[in-house]
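So you can see what is in the structure, the chains are spelled out below.
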Amino acid sequence: MDDTALRRLLDSAIVGEPPIGLIVRNSLRAGIRLRRRRRARGVAGTAAVVVIAAAVPAVTGAIGHTSAGPRTGIQRMAQIAYVANGRADTVTPIATATNTPEKPIKVGMSPGPVVITPNGKTAYVLDSSNTVTPIATATDTPGKPIKVGDDPDGIAITPDGKTAYIANIDSNTVTPIATATNTPGKPIMVGVRPRVIAITPDGKTAYVVNQGSSQGTVTPIATATNIPGKPIKVGNNPMAIAMTPDGKTVYVANSGPLNGSPSTVTPIATATNIPGKPIKVGSGPWAIAITPDGKTAYVINFTSDTVTPIATATNIPGKAIKVGKEPWAIAITPDGKTAYVASWESGTVTPIATATNTAGKPIKVGTGSWAIAITPDGKTAYVASWESGTVTPIATATNTAGKPIKVGKGPDAIAITP
Amino acid sequence: MTSAEEFVEFAAAASPRLRRAAFLLCGDWHTAEDLAQTTLAKVFVSWRKVSRQDAAHAYATRTLVNTYLADKRLKRAGEVITDKLPERSVESPTPEARIVVLDALATLPPKSRAVVVLRYWADLSVEQVADVLGCSPGNVKSQSARALDKLRAVLGDAITESGSPDHPREERHETRKGRHG
Numbered sequence: 010m011d012d013t014a015l016r017r018l019l020d021s022a023i024v025g026e027p028p029i030g031l032i033v034r035n036s037l038r039a040g041i042r043l044r045r046r047r048r049a050r051g052v053a054g055t056a057a058v059v060v061i062a063a064a065v066p067a068v069t070g071a072i073g074h075t076s077a078g079p080r081t082g083i084q085r086m087a088q089i090a091y092v093a094n095g096r097a098d099t100v101t102p103i104a105t106a107t108n109t110p111e112k113p114i115k116v117g118m119s120p121g122p123v124v125i126t127p128n129g130k131t132a133y134v135l136d137s138s139n140t141v142t143p144i145a146t147a148t149d150t151p152g153k154p155i156k157v158g159d160d161p162d163g164i165a166i167t168p169d170g171k172t173a174y175i176a177n178i179d180s181n182t183v184t185p186i187a188t189a190t191n192t193p194g195k196p197i198m199v200g201v202r203p204r205v206i207a208i209t210p211d212g213k214t215a216y217v218v219n220q221g222s223s224q225g226t227v228t229p230i231a232t233a234t235n236i237p238g239k240p241i242k243v244g245n246n247p248m249a250i251a252m253t254p255d256g257k258t259v260y261v262a263n264s265g266p267l268n269g270s271p272s273t274v275t276p277i278a279t280a281t282n283i284p285g286k287p288i289k290v291g292s293g294p295w296a297i298a299i300t301p302d303g304k305t306a307y308v309i310n311f312t313s314d315t316v317t318p319i320a321t322a323t324n325i326p327g328k329a330i331k332v333g334k335e336p337w338a339i340a341i342t343p344d345g346k347t348a349y350v351a352s353w354e355s356g357t358v359t360p361i362a363t364a365t366n367t368a369g370k371p372i373k374v375g376t377g378s379w380a381i382a383i384t385p386d387g388k389t390a391y392v393a394s395w396e397s398g399t400v401t402p403i404a405t406a407t408n409t410a411g412k413p414i415k416v417g418k419g420p421d422a423i424a425i426t427p
Numbered sequence: 002m003t004s005a006e007e008f009v010e011f012a013a014a015a016s017p018r019l020r021r022a023a024f025l026l027c028g029d030w031h032t033a034e035d036l037a038q039t040t041l042a043k044v045f046v047s048w049r050k051v052s053r054q055d056a057a058h059a060y061a062t063r064t065l066v067n068t069y070l071a072d073k074r075l076k077r078a079g080e081v082i083t084d085k086l087p088e089r090s091v092e093s094p095t096p097e098a099r100i101v102v103l104d105a106l107a108t109l110p111p112k113s114r115a116v117v118v119l120r121y122w123a124d125l126s127v128e129q130v131a132d133v134l135g136c137s138p139g140n141v142k143s144q145s146a147r148a149l150d151k152l153r154a155v156l157g158d159a160i161t162e163s164g165s166p167d168h169p170r171e172e173r174h175e176t177r178k179g180r181h182g
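Chains as they are written, first to last, in the working numbering: chain A, 10 to 427; chain B, 2 to 182.
What the hints contain is simulated information worked out from the structure, not anything from laboratory work. In this text, all values refer to a predicted model and were calculated from it rather than measured experimentally. We treat Cβ as the ideally placed atom computed from N, Cα and C, and that holds for glycine. No false leads were slipped in.
Covered stretches of chain B, going by a simulated chain A footprint (3 or more residues, C-beta under 8 Å):
| no. | stretch |
| --- | --- |
| 1 | 32-38 |
| 2 | 113-123 |
| 3 | 143-156 |
When you get a sec, could you build the whole thing from the sequences and use the hints?
Okay, here's the thing in structure tokens:
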């Protein structure tokens, strides 16, 4: 049993944690009494401290920071990258204007995916406490955690920003959250082990990928009524989904048995919800990103260490592109010219020139990278490295890595305000 | 910010972590909360000396563990250190991983339990653990080795049943994100 397994076991024992309640206030009162007693006994004490009157704030549930004010000046002008630290139970905001990390925000246990509303005002963070924490980005204050189903994994927000849909792996449900009030609605029954969600640009349909036990399916949910439709059959062990910008096609990556044999991607026409002929890709297709012009879908093959480009007009796969060992994450620049692929084992990011589908020189970052996000102006790609606890900024103009930014332990996910 | 306000801010940030460590040591949330509260009260008394943030966190950890080790009542009531896990009632034939882990920790003597929680949950280095416990790094290493052997012996089955992989990379094969649980 190595250290990581033991740590995970110890973490797994921490369940049923009650709300933090009044522990802070009670500690302060107990401390004041204790100090008074020690002084009375003649124990050397510290200088007199201002005695707090009744105005000690009760700290309940999520803890808000009152000391950090709203961002000002240059930091407000540039985007903020929110990094979920999976082993620190915090989110670190990074001011992209200066690449400096800001004060970590306390969230639930082992935070995972982070998604930001289209208006940039709220960052939703999933965690392993079966809650979602909304963070007000203007002040970086976490709101009260919102209870969702068991083991929430995927989250997607409608283009109008009004509803966030969360897939709960162990409940086989999707929880809709009204973002205006941050209240969870009635859970929607979907297939077995729902993982990820993609929403059409018109906001009308949410496609939920159900991993299933052997046969995967996709459940389309009509967002107006939150009624789930008939499940659509896809391949084995589907784990990723991407939608073309025109909303006409969703691509579902069937990661398969992960034993080295090639797998497929299923295209689904959203007008009919009929799955098309599976497209052959590499082994262990794990993530998909589509260019802004909708013409190419890039599929990461985790076990083959390659990326398969699919021409969406014909759904014909192109020649596999070699990238670093164990590719995990992909992000495409807003101008569509470069796809950046982060690889765990090699500790590199491979830039792919989309015009020619050729890989450029790998860029060295921290090892254990599995999240990448690009600023809206396309100038910087941020790569989160789980093992080194850092986020590395890459200047896209030159494909050079800047100084790594220290964040919390186990940075797992990253999202940048629009 | 006044000194008391600084303390409140520190306590708010540190209390979840302290209470969780206390929970692993004590085995129940009620006792854990008492221990965390007592610890923070002691930190408050020494606040002027330790109010530099890094020092405050280390001081709080040290105070938590030493308060725990010194107080007979905090150690689990009626605990008996044995080689085996306690029998579970028929109602729960497959105990939750949580109970199995807590029971496994209970088979360790209190100081070994503290070493495990500090080194493997709080991620302190051997030197930091030695500093907290007031013993030598060599002592910490040998205690860790013995404690791990003990845990491996009692948890062996639990580990293989849960199928938890060794490396976060392996876990990612099974789940989309390598989170815990």
